[in-house]
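Going down the list, the sequences are from chains H and Z. Numbering-wise, the first sequence is residues 1 to 503 according to our numbering. Numbering-wise, the second sequence is residues 1 to 326 according to our numbering.
Some hints could be false.
Said to hold, decoys possible - Some chain Z residues near chain H, calculated using beta-carbon distances under 7 Å: (1) T192; (2) S203; (3) A207; (4) L210; (5) G212; (6) N214.
To be verified - Sample of chain H residues lacking proximity to chain Z, with all beta carbon distances greater than 12 Å (derived): (7) T96; (8) A256; (9) E357.
These aren't lab readings, by the way, just hints derived from the structure by calculation. Backbone N, C-alpha and C fix where the C-beta goes; we use that ideal spot for every residue, glycine too.
What follows is each chain in one-letter form.
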Amino acid sequence: MGEVILTMKDIDKSFPGVHALDHVNFEVKRGEVHALMGENGAGKSTLMKVLTGIYQKDSGSIVYKGKETEFHNTREAQDAGVVIVHQELNMVGDLTVAQNIFIGREPKKGFRIDDKKMIEESKKLFQELNIEIDPREKMHNLTVGKQQMCEIAKAISHKAEVIIFDEPSAALTEKEIADLFVIIRDLREKGLGIVYISHRMDEIKVITDRVTVMRDGGYVGTLITKDSTKEDIINMMVGRVIYEDPKQHSMVAPDAPVVLKVEHLNAGKMVQDVSFELRKGEILGFSGLMGAGRTETARALFGADPKQSGKISVMGKDGQLREVTINSPQDAVKYGIGYLSEDRRRYGCVVQKSCIENTTLATMEQFTKGFLIDSAKEKEVTEKYIKELATKTPTADQLVVNLSGGNQQKVVIAKWLTRDSDILIFDEPTRGIDVGAKNEIYKLMNKLAAEGKSIIMISSEMTEVLRMSDRIIIMCEGKVTGNIDISEATQENIMDKATRSID
Amino acid sequence: MTKKKKSILSDQRFIVLLVVIALTAIFSFMSKEFRQYNTMLSLLDFSYYDLLMAIGVTFPLITGGVDLSIGTGMVCYALIGGTLIRSHGIPVIVAMLVCVLLGVLIGTLNGVLIGVMNLPPFLATLCTCMITRGAGSLCTATPWPGLTQEGGWFHSIFKLTIGTGRSADRYPIGFLWMVILVLLMEFVLNHTKFGRYTIAIGSNKEAAALSGINVKFYHVMVYVVCGLFTGLAAIAYAAVTPTVQPGTGAGLEMDAIGGVFVGGVAATGGYGSVLGTFVGIFVIMLLKTGLPYIGLQANWQQIITGLVLIVAVLIDIIKEKKAAAL
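Can you build the whole structure from these sequences, using the hints too?
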């Protein structure tokens with residue numbers, strides 16, 4: 001680590017009703033990777049937005065390269081060499097890689113854009129980073145990992161001296177993360193200051209030199225990564241010890257009947273010959289790397305995507321397992337299957353509508369008399385579930401968009417409970433949900449399982465899989481590569497099966 | 001737990017209602033002719049077809065779609081109805097039914113193209129717009145029966161005439177039907193499954209589908225309802241247009257769609273109200289009718305209407321931004 005390149009001192013920022021940043025301190029040295037951690041809503045993004053000029057600070061000082069500085073917009077920050085690589089990539093899919101890198105500052109030759117020079121410059125950038133990407137390729141043809149590399153190349157081309165990575169690994173495969181780390185280490189060697197925002201503790205340990213923890217808009221402290229343990233960091237983040245012990249053995253009764261049987265399901269490249277059984281009261285974990293085909297399997301099973309072949313049997317209310325045809329979500333819902341999407345905002349709930357409207361969305365017919373909606377009954381049922389699930393909302397009329405991620409998830413759970421679904425597919429149930437709320441969702445899932453609901457839980461978090469599942473199905477590149485009881489599951493044997501067909 | 005009541009002043013519909021009152025007051029103040037009973041009567045008379053189209057098209061707009069075929073569709077159905085009466089001697093009541101049926105038919109076609117075949121609404125209804133314009137032009141200009149002619153009774157649906165000639169008393173009874181229809185459809189939008197799903201489709205179609213809703217069916221129904229109202233609009237149009245001309249109708253949809261947006265439908269769908277449409281249309285109608293009375297020609301009316309629409313949509317966008325910032 002070298003000299004300090006950036007110091008943020010006593011940064012304070014308020015929005016109407018929220019004290020978003022409360023005298024926060026943060027510094028970055030040349031040649032270090034500095035992690036910024038904290039629960040969702042701790043203020044990490046706000047701090048970075050203040051730094052890059054998206055927000056203006058109320059008080060405090062920013063010293064960059066020895067000079068007191070304040071950027072008024074991202075453009076100014078960029079020109080000075082402070083660049084942010086966003087979690088959602090800001091790329092124009094229909095333009096080429098080179099066009100994206102030079103967007104807004106295209107080199108000109110007379111009146112014409114100099115495409116040749118753009119491509120040459122891009123090639124040079126990629127060489128510098130040791131990446132193989134054709135600058136002439138259309139952006140949307142690239143994997144998410146490659147797109148991120150392009151973002152980094154773009155940052156470098158701005159002569160960046162401080163690069164902020166905002167949850168860069170969220171959408172990447174293990175392999176892509178490894179590649180990313182090679183690049184980050186390389187940038188560190190070159191003396192850049194790197195800010196790394198992530199929730200993944202393992203990565204923090206691997207890639208960062210120091211960790212600054214924020215909580216509720218305040219500065220908690222800074223640690224040297226190699227001298228501190230995972231528990232140290234987590235304790236600073238939440239101010240409490242969280243339960244992360246793996247489940248020791250299956251909670252399912254040995255004689256529990258099978259409620260869902262999937263045989264030889266095929267749906268495109270991502271779902272090949274998938275077979276599994278789900279038993280009553282079981283939490284069946286689906287583990288695997290990104291792009292293993294777990295979500296695709298769930299969507300095909302649920303009828304949201306077409307399938308080529310396969311046999312699905314569901315236990316009816318009479319206790320008999322019989323084959324069913326599921327061609328649409330309507331069919332699946334009819335057979336008592338509920339799907340909780342990984343992307344709540346897009347597929348899970350209608351965020352601009354109230355808790356009531358979301359809770360009753362799948363069960364309108366229970367609330368209609370003839371043509372009319374029975375608003376009183378709707379409200380009653382919604383309030384019952386708000387109480388039962390401990391959903392934090394001022395009223396049942398509150399718009400879902402105003403709830404936190406964990407509470408949005410509870411509204412979606414209420415939707416399927418209203419439907420009396422016996423089989424619930426949770427796709428990444430705690431993505432984007434902070435640590436405290438995560439525990440509540442876990443408790444809720446355990447309670448549902450204990451009450452006899454059966455749960456398929458797709459999860460990319462190893463700790464979540466080991467903590468929640470009674471049995472674990474592991475997928476890799478569209479195929480089931482493992483099916484292990486929790487008592488035999490370890491991180492190692494799961495990862496081994498998850499990477500089986502790669503390389 | 002008490003629900004915070006929103007201030008009535010933040011309700012766009014209320015603001016638009018104030019605009020309607022203000023416009024009426026201004027025009028009445030500035031022009032003696034405008035404040036005549038007959039002027040008001042004719043303003044109402046000519047508002048019915050616009051309003052009916054607007055009520056219908058409110059639903060596609062709430063889903064985030066649009067129906068461009070309502071203007072030419074309306075004229076087309078009125079032409080076909082008129083031809084059936086004049087050349088084939090069928091009773092007026094049957095011709096009216098034909099108008100409604102044709103509306104439902106084209107509405108279904110739009111719905112299937114958009115909801116089932118996934119054509120973009122703009123494109124699908126642009127095609128049916130051309131088709132209905134062409135189909136209408138196959139007919140010759142034929143007037144529906146006049147008030148005193150056989151079958152002229154249908155005028156009384158919209159304007160009750162008691163007595164004859166210049167001394168006759170005329171009452172805009174159509175306005176009453178409009179109020180009833182508006183209240184009915186506002187109720188449908190807010191208190192029925194169809195209404196709830198229309199909003200859900202506009203707000204998040206994917207989530208609605210994954211909740212097990214038959215999204216395709218309801219998406220089609222939205223355009224069927226729009227078609228139904230276009231059919232009704234054709235009758236109202238025939239009642240106020242001495243001779244329906246083939247090849248016309250293009251552009252009429254814009255007044256209706258504009259009115260809906262003035263009434264506060266979200267530009268991206270997911271929110272809207274039929275009451276809003278009701279007041280929105282009267283802003284458009286007042287500008288259309290009133291501006292000539294204060295000496296501004298028809299061209300000015302279009303320019304001003306356009307500017308009003310920009311303001312209305314901007315209000316919506318600013319409101320949304322404010323909501324997002326909270």
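Now for the hints, and whether the structure bears them out:
A least Cβ separation of about 5 Å between T192 (chain Z) and chain H falls short of the 7 Å threshold, and the interface hint therefore holds. The interface hint given for S203 (chain Z) holds, since its Cβ lies 5 Å from the closest Cβ of chain H, which is under the 7 Å cut-off. With a cut of 7 Å, the hint placing A207 (chain Z) at the interface with chain H holds, because the nearest CB-to-CB distance is about 5 Å. Evaluation of the L210 (chain Z) hint against chain H yields a held restraint, the C-beta minimum of about 5 Å falling below 7 Å.
With its C-beta approaching chain H no nearer than about 3 Å, G212 (chain Z) sits inside the 7 Å limit, and its interface hint holds. Hint status for N214 (chain Z): holds, given a least beta-carbon distance of 6 Å to chain H, under 7 Å. Under the 12 Å C-beta cut-off, the non-interface status given to T96 (chain H) relative to chain Z holds; the minimum distance is some 26 Å. No beta-carbon of chain Z is positioned within 12 Å of the beta-carbon of A256 (chain H); the least distance is around 26 Å.
Non-interface status of E357 (chain H) relative to chain Z is broken: a Cβ of that chain comes within 12 Å, the nearest being about 7 Å off.
In summary, the one numbered hint that this structure violates is 9.
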